[in-house]
Every structure is written in C-alpha cells, then in structure tokens.
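Residue-level listing of the chains:
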Amino acid sequence: MNTLILSALSGVIMMFSGFMLNTRTAVRTLAHILLLVVIAGTVLELRGTTLFNVDTKGMMVFDRFALLFTLVANICTLAYFALSSKDMERVGNNYSDYFALIFFILSGIVLAASFKSLLILFLGIEIISIPLYILAGSEKLNLKSNEASLKYFLMGAFSTGLMLMGIALVYGAMGTFDTTRMEVVGATPVLLTAGMMLLLFSMSFKASAAPFHFWTPDVYDGSPTVFTSYMATVVKAAFFIAFMRLFTDAFGGIGMQWKLIVSIIVAMTLFIGNITAVFQQSVKRMLAYSSIAQAGFMMLAIYSLNADAREGLILYAAAYSLATIGIFAVLIKMKDQSFEGFNGFAKQYPTIAATLVVFLLSLAGIPLTAGFISKFYMLKATVDGGSLGLAIFAVLMAAVSVYYYFRLIQSMYFKEGSQVVAVPMTAGFKYTLVGLAAVTVLLGIFPELLTNWLYF
Amino acid sequence: MGITQILFWILAAASLLSALMVVISKSPVYSVIWLIVTFFTISAHYVLLNAQFLAVVNIIVYAGAIMVLFLFVIMLMNLNKETEPQKNRWLKLIGAVAGGCLLVVMVAALRDTDSRMAQLGSGNIGLIQNLGAVLFKEYVVPFEISSILFLSAMVGAVVIGKKEDSKVVDIAGDEAKRRVAEARESMGV
Amino acid sequence: MDIRYYIFLSLALFVIGIIGVLTRRNAIIVFMCIELMLNAVNLLLVAFSKMHHLAAGAANPTAGSEAQLFVFFIMVVAAAEVSVGLAIIVMLYRNTHSVDINFLNRLKH
Amino acid sequence: MIVLLLLLLPLLGGLVTFFLKEAKAARGWTLLVSLATLAVSIYALTTKSTNALQFSTGWMGSLGSSFSLGLDGMSGLLCLLTAIAYPLILIATWNSEYRKPNNFFGLMLLTQAGLIGVFTSTDALLFYFFWELALVPVYFLCSGWGGERRIPVTFKFFIYTFTGSVLMLIGLLYLYSQTPDRSFALESFYALNLSNDAQSWVFWLLFIAFAIKMPMFPFHTWQPDTYEQSPTATTMVLSGVMVKMGVFGVIRWVLPIVPAASFAWGDVAMSMAVIGIIYASVIAIQQNDLKRLIAYSSIAHVGLMAATIFAENKIGMQGVMMQMFNHGINLIGLWIVVELIERQFGTRKLSELGGIAQKAPALTILLVIIAFANISMPLTNAFVGEFMMFTGIWNSGVTQYNIVFTALAGLSIILGAVYTLNMVQKIFFGATNAITTNTHDIRGNEKLALGIIVILILAFGIYPQPLLNLTDGFVDNWLKEVSISNLGVN
Amino acid sequence: MKNLIALIPLLPLIGFLINGLGRKHLPKGVVGIIGSGTVLGSFIISLVIFLQGNFSATPIKYFDFINVGSLQIPFAFQVDQLSTLFLLIITGVGFLIHVYSTSYMHGEKREHFGRYFAYLNLFVFSMLLLVMGANYVIMFIGWEGVGLCSYLLIGYWFKNIDYTKAAKKAFVMNRIGDLGFLLAVFWIIAKIGSVQYEDVFTAASLDKLTPSDITGITLLLFLGATGKSAQIPLYTWLPDAMAGPTPVSALIHAATMVTAGIYMIARSNALFVNAQVTNTVIAIIGAATALLAATIALRQNDIKKVLAYSTVSQLGYMFLALGCGAYTAAVFHVMTHAFFKALLFLGSGSVIHAMSGQQDIRFMGGLKSKLKITYLTFFIGCLAIAGIPPFSGFFSKDAILLSAFEHDKFLYAIGLLTAALTAFYMFRLLFITFNGGFRGTEEQRHHVHESPAAMTLPLIVLAILSIVGGFVGVPEVFLHGGERLGEFLSPVIPTAHHTISHSTELMLMALTTVIAIVAIVIAWMRYRNYKEEQNGALGKLLQNKWYVDELYDSVVVKPINKLGVIANHYFERSGIDYLVNGVGRLVNYGGRQLRWMQSGQVGSYVLLMVISMVAFFFLQFFLRK
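Sequences listed follow chains C, L, F, S and P, in order. Sequential numbering of the first sequence, starting at 1, is according to the working numbering. Sequential numbering of the second sequence, starting at 1, is according to the working numbering. Sequential numbering of the third sequence, starting at 1, is according to the working numbering. Sequential numbering of the fourth sequence, starting at 1, is according to the working numbering. Sequential numbering of the fifth sequence, starting at 1, is according to the working numbering.
Be aware that a few hints might be false.
Claimed, not checked - Quick list of in silico lysine-lysine cross-link-like pairs, DSSO-like style, CA-CA up to 30 Å:
1. P:Lys165 with S:Lys349
2. S:Lys480 with P:Lys191
3. L:Lys26 with C:Lys335
4. S:Lys21 with C:Lys333
5. S:Lys349 with C:Lys415
To be verified - Computed beta-carbon distance windows for the label pairs:
6. S:Arg182 with C:Ser282: 42 to 48 Å
7. S:Lys100 with P:Tyr589: 33 to 39 Å
8. S:Asn438 with P:Glu111: 44 to 50 Å
9. S:Arg182 with P:Arg624: 31 to 37 Å
10. S:Leu458 with P:Tyr570: 37 to 43 Å
11. C:Ser282 with L:Arg89: 44 to 50 Å
12. P:Gln593 with C:Ser282: 14 to 20 Å
13. S:Asn438 with P:Met525: 56 to 62 Å
14. S:Asn438 with P:Pro27: 46 to 52 Å
15. P:Lys61 with S:Ser483: 45 to 51 Å
16. L:Lys162 with C:Thr188: 48 to 54 Å
17. P:Gln593 with F:Ala56: 53 to 59 Å
18. F:Ala56 with C:Leu44: 36 to 42 Å
19. P:Lys409 with S:Ser483: 43 to 49 Å
Derived from the structure by calculation, the hints contain no laboratory data. Quick caveat, the model's predicted, so the values are computed rather than measured. Each residue gets a CB set at the ideal place from its N, CA and C atoms; glycine is no exception.
Take these sequences, add in the hints, and give me the full structure.
Right, dumping it as structure tokens:
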C-alpha cells in the first residue's frame, strides 16, 4: 500500500513539477528523490511498517511475493532512471510528464502484483497500459513512434476486450471477482473454462507470448528506445507477476484444463521468439524478439506454478530487467543501432563492453549470472512438474538464443569499427552499468540474497 | 412468453442489427450513429434487467459523451465521406469467417452451461441508492484507484495532444522531422 | 429469462465487434468496434449480476451488485481509453493525414 | 582445504591477471600461479590426509546444492594433468606475442579454474557451473586471438557445446527431481534407482553433452575447425585437457548414475566410438593441414577411450585413466611443435613443408619421439594405456561384440602409423624448399618444454605403475558402482 | 646373475644414449668404439652365460610393468637355451656389423655417424628385449622397437624422400602384423589371464584353450610373424628396405630382425604344436613365399634387391620348417642364414663401396681380381646359401627339406625347386658381378679397390662361420649322437623324431646337392660372360616382381585413400558438417520465413490472434477429452 500511494502521489507531484521547476536537471533530481522515497516506502512495508492504513476489503493482498516484486520493480526502475532518464530529454518536450507516467505505471504495477480481485487486476493492467500507449507515441514527430502507439493502443484495447469477456464469463460461473474464492467442486463449469481461456489469451497478449505476441516487435521497435527499455523489462515482468498471481490464485485448481494449452503457448513463444530473433539486423528489434523468447521462459513459471516457479519468476524479473535495461541504456547512446554499429565498440569503451558482455551472458543463461540461475529455477520447476520434453525444448531454444546474443559480443569485440560509434558516456553512467553487472553476477552466485526475502 | 420476453427478443434483434450496421456501414458517420443506436438498445436491456443506474450512465457517458467525441473527431478529420479505401475482399472474408468460427466455437462450447435464470424487471440492486452504497462502502479503493487512471489519461492527452514546441529544437526533433518528411514521401501522402 | 440467451447475445455482439476489428481499415471505426465489444461484456455482466442476485435470494440482498459496479468501472476505463486513443489517432492524422491502419506498416518483420 | 586452494589459485590468480597491464608481468604472474597450482596438486597427490582432499560448504542450499569439492584418484590425475599442462604451455609459448596479454592470460587461468572445478566438484550444479566456466573463457580466447575464420568457427563450437551442456543440465535436473532428499550431491545421484526408461533418457541427455565435448563421432565436426583456428596455446588446453572433460563426465556422471542404461546402450556408444576411431583415422590421412591432422588423430584417440569406458572392466578403465593423462601430455607436445612450425614458417600445410630435419635436428628428434608416442610405441607412455584399453575391450563382459570392437579399434594402430608417419615425413624429411630453407632450430624455452614432455613420455612409458596406483582405488569403487549386479530390480 | 643379464640389453642402450646425445661432440672413433664395444660387451656376457650353461627357465623379474587387478605383466627376462642362441647370433653378428660399419659409414658427417650408431645400438637393444623378454608384452616391446629402428635406419638418409617412404612402408606393413600380434596377446589375456610364457604354455598343454582358441591365437601370432618376417602377403616392404645403408640391411633385414617371427613361433611352439590348421597355413605360406621370392630374385639387377628377395625366400624356408613342426630346423636355419646372409650383404656392401655406390650388377663385372677377399668370401656365402655340402647352409636347409618331405611331398617339391632357383640366382649374381669384363665407368675402374680391414675382417669371420656353422646341427645320419643343436634346445623345443630311414635321408641329400650343382652350372654357362639380357614376357613379369606392389597399390592403398577422400569430402564436409551447419541454416531460414507473420498490419495480427483463439478453443472443448 505504501508503494501504491507514494508512487501515485509522486506521479501527481511530477505532473506539476513541469510548471514549478525550470531546469530539466531539477526535474530529474526530483524524480530520483521521489523514487527513492517510494523504494523506502516499499522496504518499510516489507519490514512490516505500513504508513497508510487502508482497508481494501479483501481486494488486494500485500504478501511477501507482491512486496518483493514491487521492490524489484522499483529498484529496476531506479536503475533505469539512473541510466536512461537523461536520454528522455531527447524524446520530446514533456519531460516531467514522462516521469509522472512512469510513476503511474509503478502504481499500476503494485496493483498488478497484489490484486486479489479481478477488478483490481483490470484496473492495474489498464493503469499500466494507458501510460504505455502514450509513452510509445511520445516522439510525436516520428512516424514510427506514432504507428507503434496506435498499434499498441488498438491491439491493447482489443485484448482488454478479451480480458473483460473472460472476467465476465468467470464471474458468471463463480459469482465473484475474488480470485481466492474460486474453488471448483466437481466438474469444471464451461463458463469458467471459457473465461479462463480468454483471460489466458489476454494475459498472454500483455506478456507477449506467442501467438499473441505480434504487437511486441513493432511496438518495441517503434517506441522511443528509452521507453522501450522500460516497457520490455519492468512492465513485462509486472504482467508476468499478475499472470502468475491470477493463475495461482484463481485457476490453480483447474490446472488440468489449461496445462496443455499453456505448454503449447510456451513452446510457440520460445520457438518464434528465438528463431525470429536470429535474423534481425537491428539490435533493438533483436531485443524485442529476445524479450518474446525470454517471455517463453517466464511462461514456464506459469506452467509449473510451484514454489520454485514463484522464486524463479522474481529472480527472472530481476535478472532479465537489469540486463535488458543495461543493454538498452547503451543502445540509446549508439549512433547506429544495428549490429554493425557495435563493431569495434570494445576497443573504445572496454569497461562498458565488459558490462554488456555480462548482461548478454545473463540473457543467454550462462552460469554465474543471474540469467542462468533464473532460467535454472524455471527449468527446475518444469522438470519437477514432470515436463521433461518441454524443458528440453526450452533449453534447445536457449541454445539458439546464444546465437543472436553472441552476435553482439562478436561485433563489439572481434570486428573492426572505423569511427566513433557512440555518443560520449559519463563516468557515472559507466559505474552504474558496472554496478548493475555486479548485481547480475552476485545474484547469479547467491540467488538466495533475493529469494530468501520471500520467506523470512 | 411474457411481455418482457418479447421485449428481450425485440431488443436483442435490434442490438444485433444495429451492431452489424456499425460494421457494415461505409460512412464512418453512419457507423457512429448505428453505434449510438446499439448503445441505446443495450441501455434498454439494462432497463429490462432493472439496472437503472447503468442504463442512465450508459446513455450519458457512452452515447452522450464518448460517441459525441467520436463524431467530433470524425467531423474534424473530414472523414464523413466514404473515403475509406476498401480492404482486400478476401481478407475481409477471411476475417468474417474467422470471427464467425469464433462465435460458433464459443457458442457450441457454452451451450452446455446450466440453464439458470436471470431476474428480469424486479430486484433492486441496480438502483442508484443501493449501488452507491456498495460503491462507497466496499469499492472505495478501486474507485480511488481509478483516479490514477484518469490522471494518467489526462497527462497522456496533454503529452500527445499538445503541439510540439517549435522553440525547443533538439537533434532528435530535427531527425524526427526529416524522418516524417521521408515517410510522407514514401507513402505518397 | 434463461441466462444462455444473454450469453449468446453478448457473444454475438462481441464477435461482431471482433469482425469489425478484422475487416475495417479506419482506425476510428476499429476503435468503435472495440467499444462494441466492451458493451457486449457490460451486458453480459449485468445479466450475470441479476442471475446471481436471483440465486442468492434473500440471504444476500446485495449479491450481484459487484458486477454492476464492475460495469461502471469498465465505463470509466473506457472513457479514459477513448480520450487517449482519440488523441493518438488525431496525432497520427496530423502527421499523415490518414487514419488508415493499413498505412501502419513501417514497422514489420 | 587443499582442493579448495587448488581451485582458488587459478581463479583468483586469473582475476588478478586482468589488471596487470604490463605484458611481462602478466606472463610472469601467470607462470607463477600455474607453477603454484602444480605444486599444490602434487602435494595433494602425495598427502595422506583424506580430509584435506574434501571440501564442502553451504551454497544455494534452497536449491539442494552445496559447494562440495573432492579429490579422488581420477580427479587427482586430471588435476595433475591440468597443472602440468599450464606451465608447459606457458614455457613453450613464452615468445609468442599476444594482443592484450593480460586478458589472454587471465582467460587462460580462468579456464584452468573451470577445468579444475569440473574435475573436483562433487555436486551436480557446481559441476555444471564449472563446466560452463571452462567453456566461456575459451570462447573469448579463440574468438579474440584465433586465426582467420575464428569468429564463425568458434561460434559454432560454442553453440554446439552449449547445446550439449544445456541438455546435460536437463538431465541433471531430472536426476535431482528424482532424489529423495532433493539434492544435487553426487552421492544422492549414485544412490538413485531409476526405471529403465528414465535411465535411458538421462543417459542420452548426459551422454550427448559429453560426446560433443570429447568429441565423439558424429558430434565431432566442430573440433577440427576449432583446433585449426584457435591460438595454439588455447588449442593445447582444448585438446590436451578439455576433451578429457567429456571422458571424465562419462565416467563420473553417466555410468555410475544410470548403470542399466549404460549397459543397454553400451553397444551403441561403443559402436559410435569405434566407427569414430576408424573414420577419424581415415580422414586424418587425407589432411594437409597439420592442425587438422592432429585434431582428427585426437578424435580417434578419444574414441578409443570412450569405447573402453563402456567395456566396464578394471584393466580397461585403468587404461583410460592412463591414457587420459598421457594423451594430454602427448598432444600438448604435438601442439608445441605445430606452434613452432607455424611461427617459423607461417604455414601449417604439409605440402609446403619439408626438409626441416636437416636444419633442426633437436626439434626433429623431439617431435619424432612425441609422434611415436602418439601412435603408442612401446616404452612410450601411450602404449601402456592403449594396450590396457584394448585388453579391456576384448575382456569386456558387458558387450558380446568385444572381439569385433577390439579388432576394428585396433585398425587405428595401423592407420595411426600411416598418418603420423606421413606427417613426420612431410614436415621433416626430403629436401628443403623455399619456405624451409632458412630453418633455425628450437630455442631454449621450447627445448625445455618439449624436453619435459619427452621425459614424461619415456618415464611413464617405462614405469607406469605410479599412475596406475594413483587411480587403482578409484577404479575399484567405480566398478562397484557400475557393476550389473548393482542394478537391482528395475 | 640377475644384474649381469640386465646388462646385456642395457649396454647397447647406454651406447645408444651416449652416441645419441653426444653425436655432435664425440669424434667418430669414439663413437665407433662405444657402438661396437657395447655390443661386444653384450656378446661376451651372452657367451659367458652360454658357456656356463647357466640358463633360467623361470623369468627373472625386474619390476612391475603393468600390474592391474588380476593382470600382472612384470618386466622380466627369461634367458633359456633358445634366447641364448639368439643372443649369441644377435650380439655376435651385430658386433661384426658394427665393426664393419665403422669403416663403411666413415664418409658420413660426424653427427650423422653418431646418429647411425645410436640407431644401431638402439636396434640391438630392442632385439635383445625381444628375445630376452619373459612374456609376450616384453617381446612386443622389442618387436615394435626393432620396427622403429628399422624405420629409422631405412630412412637414415632422410634427405631422399623415397627412402623415407620406404621406411614408412616398412613400418606400416610391420604394424599390420603387429596388430595381429596384439590381438593374439589380448586373446591370450582373455583366456588365460597372463602373458607369461610359462603360464601360457602350461595352460596350452592343460587344454585350457579350446582348439578354436589355439587356432585363432596362433593364426594371429603368425600374422604378426608375416609382417616382421616378410612373408606373403606382407613381404613387399623388405626389398624396399634396402634403401638403408648396407650394414643395416645385413643386420636387420637379413640376420636378426626379420627372424623375429621365427623366434616367436619357435618360442610359442607349445601353442603351435596343437594348431594343425595354422601349421598348414604356415607351411603353405612359407613355401609359397620361398618360391615367389626366388622367382623374383631371378631377374633382379640390383645387387641388394637380389639379396633381399633371397632373404624373403630363405625366411619362407624357415616358415616351411615351422609349419612342418621342425622348430629346431628353423632355428638352425636362422643361425646359418644369419651367418651367410650377413656375409653376402656385407660382401655386397664391400662391392658397392668399391664401385662408389653403384648397385646395379649390370654395370659391374670382372671384380674378381680386384676384390679378392670380397670375392672369396662372397663365393663362400653363395656356396652356403646354395646348400653345397659341407657349408652351413647345406645342413640347415637339408633339415628343413627333410621335415618337409616327411610332412608333405608337394611342399617338399616346392622346397626343392626353390633350392635350385636359389643356387641359380645366387650364382647368377656372383658371376655377373665378379666375372666377365668390367662394365662400369672409367672413373669407377680407377677407384675400385679392396675395402679396409675393418670391413674385410668381419667378412672373413663370417665366411668362416658360414663354413663351420653348420656343424652344430650335423644330422644324426652323419654323426652318431648328432643333432647337438636339437639336444641343446630340447628344454625349450621338444625334440622331434624323424620317421624316415637313413637311406632315404641320404638319397634326398644327394638329390638336393645334385640339383644345386646343376643350377650352378647352368648359371655359369649363362652368366659367365654377362651381356644385356632380353626379357621375355615371364622375364618382365619377374623383373617387375609379379606386379605385386602395383596390385597392393590398387587394391589396398588407393581404395583407402579414396575412402579417405570420400569420407573427408563427402561424408564429413557435405554430410555430417553439412547437417550440423544445416541446423544453423535451418534456424536462419526459419527466422526469415517466420517474418511473414510479422507483416506490420494490425488487421492480420488480430486475424492471426483470432484464428489461434479459435484453434485453442477447438482444442480445449472438442479435441481433448
């Protein structure tokens, strides 16, 4: 609750800061301070101190899972701010509004992580989505951005329609929106099954799982890269957390009804994401497809729905977000955002290149990085669930993913580039990246630093 | 079959027909009008179900505010003529068939639902006073939360709608302008 | 009234909306079709609300009202969505003088 | 604790190396670290205290894993090989110039840490970690400092190996999910009693990973290219030590865990190995590139080891142990020569060389000895191993095709002679040509490295018993784990 | 005693090390003294053992070579009568050839001179290991060791690429045989669990082995012998091996190494006695080889090639004897052959030395007067090999023919024919070389001179041995209580009892002698004054060695190469690697093809979504039940 209210308030404050503050630096500083306050609030709540006493009438539950994910999302946002907030200046004039929207998204994330009622889920997802539509189109004079925005909006609204129909059908079957009160006795009502499936489709859409992923590459590609970075990481992770919470709470009991379909979705997502990413020439688009591929892995958590999956999903969210934010932050600075643009990068920026390698290794799932350990959790959960075949398919696809992640490493390290390939980067930027890389490795070696928070 | 049943069938037919017309109408303006008709029939369904509050809100908000906004935009863009280029006929057909299949499959699936009754005409939960009580007792949190939604929509409208300040010219903006010009050229607009 | 008729009616409206999305090229009309889908959901929710109200009987006089409130929230959200959506469409129109979604293919592959 | 020290020395040493910008300092430091590692490993083999050879501490406890290292006969032998290999490689390549030497040597040491970790870890997850840790630095080494086609070739190598290792990960995970105590510990895996079907699954999942690493026919095509394109120092590590990871993996992580499947699929695996032996030998005869020739020869040799493992008897296994060590030493020797030749003449094509013996007698003599060791001439180290392996296959009680396998594998004795002597002849004999006319003989450091190798070759060829004693206990225990009477009712 | 025995092989090894490491620094004289001296030392020790009669039937163990579980292979020596006999031959003849070499190789550069002696010493060491080993593994060590030395010495002049090719050929063909040997050893281990001679032979007599085991093992061992001892089908390397220096040919490719196969079979007589099939095979192959090589030798013009084929032929004789169960006769012939063939080779070396490297007898002639000692000794050698009594060859050959007669009349006939051919081609060689007019260049004519004492002395010693060597095995028919050799060897090789009456035996001897003399007379008539020969069809066939090399080339070598090319090019590159890369390409291709879905059109995206929804609903509600 702390986070929800604080971030909403921060959003409001940022809305008005545009009038009050003259310089962008001040705006940025304010945003950082507010985010730190939000994080402090989250930590406080995680330690058991609630600043606001609000009775949600059982519509929300702030358990450790929700709070921990909120914290992860906040910290990833902090990393994002630290690395990329300066680059938002280049998008358009409404600098402070962008921050406001991101704070609103954060409060949506809190809702998505802690809902207990389908209503809150709906509101949360909308609160996340609507600012995203705007952010996608924030580069108003860029047709790609316009297009991304409209595509995202139309398809997002369409999937909202699907979700609402699903909610309606579920309500028709169960007579309640409370996800924890959906025990089925006897045969599963068809209404519930149909509603569950529609919810599955719309959540798959939000999480960009195939065959509902089509918007992802276009929107990620068209949006201003700074916002793609956020969209593809924290937001996507939040959708997954919501996805997981929904299926654990509401449909955990009728697993037989959806396991098959989810496994098909997992397989398709992994396949399409990885295979299509191989052919991309632009790093940004490659990352878009890679985010689909990673979504396939995260879907494994939905498929398994056990303790490992919960821990793993949190870890995955952290690992994936940190690494992708890091890569995007560098990508924004690049003059040419294709693979060739990175040629010779390591020579000019050895430290940053090294951190990028850590991130890429993490995404590819090489041990000693957080990416590996989170994939490991997913696979463990899947194998424990008895789906050896799915796990094998997943790792084979992970092997394919090495192909495109390592292409970037090759470009940076083993190919010659002629001129300066990127705009200057500050020392602070560099050290932040190093810090992120360090966290990635640290989580890779001691994942319990994070996962233990779920239990104590 | 009572009067309510008869009314239901009539309204159902009307709403389906008007909904179809929304899709079929060539002119966007007609589509809007037909959509408003659809909303009215749905409001009538609400009345039939004794959900008076929603019936009113539906007319005020949807038919009144939202649809007028649509109409306004269409007029603004001067799209009232049948300017819409026709989509590939086959694609249209495939789209219609796919939608039809979805309907068939879902109806076939949901046919097995228990035959339960919905209360028509009576029951007072749909009255403003009862709904209001529930809203402000039980649903105050989501109510407040929806304010965030509106705030963000508001900010969004500002961000999107405000004209780009030409005084602040940065590299990215120039670049964007150049790209727009290119894009227009390439699209033949 | 048998609830199944409501279900079928809503589904029909819903699918008509979907078909509209599939077949139309004008972004505004596509958007309107989505609104139609939402209204189909609203109708269904209200019907379900009355069904559950009937089922709960006197034991719970407010049973079913949550669905009607949900419809209320859907309308709220729809309104917000419309404001943003129309803003986006207008922005696009300003840049390209078209609202044809088939022009939206600079981003592909 | 010794075993931890063994691992930490190269690991920390390697990390430090990255910060030594001075070429000489990096090189010297690396040599120092590797010599220290050698000293520790020798101490570890001579110490009597079994406590010092085990180390375990909590790590990822919630995943059922722990940081457990252990040194038994086999891992001791392989660690010794690794530890010997590094100083030799460094001495032999002392004069090679590398771009960014600190990175090069740092990665080399990290590879060593990975190798030692693989050999010593007794926890599956830890094993997997080190397995990859040994792979990733090699990727950078080969891509960064390799030959012309290094990028695609190394890439293929990496993806190939990575695919194998992720399959292995699934196998390990499955085993883990079957353990009653939810543990990745090796003992828990050994205690498993899986159904035959499950064993078959696990067998192939694990075996393919190791077969790729060895590499074994038909998973070998990455290897000649990679050897050809890698910088020679890395190739030495790759072929001398790293292929042993595959053999090691099969011995430690496949047969004792899934004995029934290993028994059932043993014939298939042995056939693959034997086909590979002949196939690789026949292809080796055709090679004109020195590196590729040695690469194929290595495939043949490793194939023999793989075949012998599935024979599951003591003499064969002891032969495998011997050969794992000796093959490493011999191959490093061969690669050193290749490096010398390439550096001096700028070519590795056999057709462009010739007549070197006239100008470089010392090099010739040392290479001829190593070459004959490579074709297992008696009184060189390889003979003992190969002899025992052949005996082991013939005496195998688990396959009914033992005689056929021995006879076919035995063809490598002939074919090996053909390609090795071809190589010797084309490099050293005949008249000099334009390229080789200004040959100079080897320098001190190279002579030292090759001399050490030759001494090792002869010493262990004449008196192999110390090595055999080292692994004797391990082999006995191992046989108990894999023996068919141990299978129980499935 | 134990240490003394160890010294026998160690001395040459020490010589090898000193000469090998110090080849650049030691003067040639010192190298020669060390090289010959160490072998002499070994010879003296062997002689001491022989004279003391201090034979050990039990192995003398030095250390564990391989000791794994139940299999124990000690590094042990066994110096019994058979070994001692071979020791004497090896070290004795070896010493003489070392001495000869000091002079013959004197023109070499210092380091190559040292290298040569190092190789020779290493060879002697390996050969000694071979005969002294107390088990098959030690024998195999020596077995491969002599192969290695043979390789090194054939390719001694490594600048000549053809020589190194010949060396390679020798080694590879030996290896084919070695594989047979090894397989036999594995078989023995599998059945008996030991490779110690005593265990194996005891087990053989105790019927631990089934007949098929014995047949298999002995056949494989024989395969090993065909490689080392140049029998059909693996004989072609030996003539090519003449690329090495002539003393090497004398030592390795005539006197010692090539007899290793005979030694091995004689040593394993306990196994072979019970293997009838194998014995038949051995006898037939031996006889065939003897005849084939003899026919080829008829038309060779290279002095060393003639001798090489003669060696192959004589080895065939020995195998004929082995096949007939006459182990003593075979060993006897090994000994006499070592004397006279070493003599002949060294004699030819002397001729070549005199002719400044000329080896073709067509360009010699009339050397009789200029090379008196050489001529005389060479003549004695020819008489010995032709089997003219009382030269040594007569007795040993006769023993073989006798047992062949006993065994099978047809084989005897072949043996007899071969004996005639042998006498013919040897004297053809002698007459062409030493009689008639000089056909060399003027320069050579001036240069021709008798060799120095270091070369002629060994010739003389060997000539004497060739004359008297036969008396150790004078048959009983001449000397009551004869067959001393058989008696001497009887602890190792059970004495065979002849069933043939003395009168028949004498008849056969007479027949052999007469035939040989007739052949010599024909040779005298034809080649007394040599002129260029016209080759008929048969002559061409013989000159080209029955085209066996070409046959092997097209039947074995080329197909293997072709197989390699196919495997390398088609299977490896276009097959496996193509498949592997194909997976990558498939992924790439898939990536390109899958892009059609990403058309950029919202309509088609939604359409695909709707279609998948329909599919999922259908699957959920109607397919899975």
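Structure-based check of all given hints:
1. P:Lys165 with S:Lys349: 19 Å, holds
2. S:Lys480 with P:Lys191: Holds. Lys480 of chain S to Lys191 of chain P sits at ~23 Å (cutoff 30 Å).
3. L:Lys26 with C:Lys335: 46 Å, violated
4. S:Lys21 with C:Lys333: Roughly 28 Å separates the two Cα atoms, so the pair holds.
5. S:Lys349 with C:Lys415: 27 Å, holds
6. S:Arg182 with C:Ser282: 42 to 48 Å: 44 Å, holds
7. S:Lys100 with P:Tyr589: 33 to 39 Å: Holds: the Cβ-Cβ distance is about 37 Å, inside 33 to 39 Å.
8. S:Asn438 with P:Glu111: 44 to 50 Å: With a Cβ separation near 20 Å, Asn438 of chain S and Glu111 of chain P fall outside 44 to 50 Å, so the hint is violated.
9. S:Arg182 with P:Arg624: 31 to 37 Å: 32 Å, holds
10. S:Leu458 with P:Tyr570: 37 to 43 Å: Cβ of Leu458 of chain S to Cβ of Tyr570 of chain P: about 41 Å, so the range 37 to 43 Å holds.
11. C:Ser282 with L:Arg89: 44 to 50 Å: 35 Å, violated
12. P:Gln593 with C:Ser282: 14 to 20 Å: 19 Å, holds
13. S:Asn438 with P:Met525: 56 to 62 Å: 60 Å, holds
14. S:Asn438 with P:Pro27: 46 to 52 Å: At 30 Å between Cβs, range violated.
15. P:Lys61 with S:Ser483: 45 to 51 Å: Roughly 32 Å apart at Cβ, these two residues miss the hinted range, so it is violated.
16. L:Lys162 with C:Thr188: 48 to 54 Å: Holds - the Cβ-Cβ distance for Lys162 of chain L and Thr188 of chain C, about 50 Å, lies within 48 to 54 Å.
17. P:Gln593 with F:Ala56: 53 to 59 Å: Given a distance of about 55 Å, which is inside 53 to 59 Å, the answer is holds.
18. F:Ala56 with C:Leu44: 36 to 42 Å: 41 Å, holds
19. P:Lys409 with S:Ser483: 43 to 49 Å: 58 Å, violated
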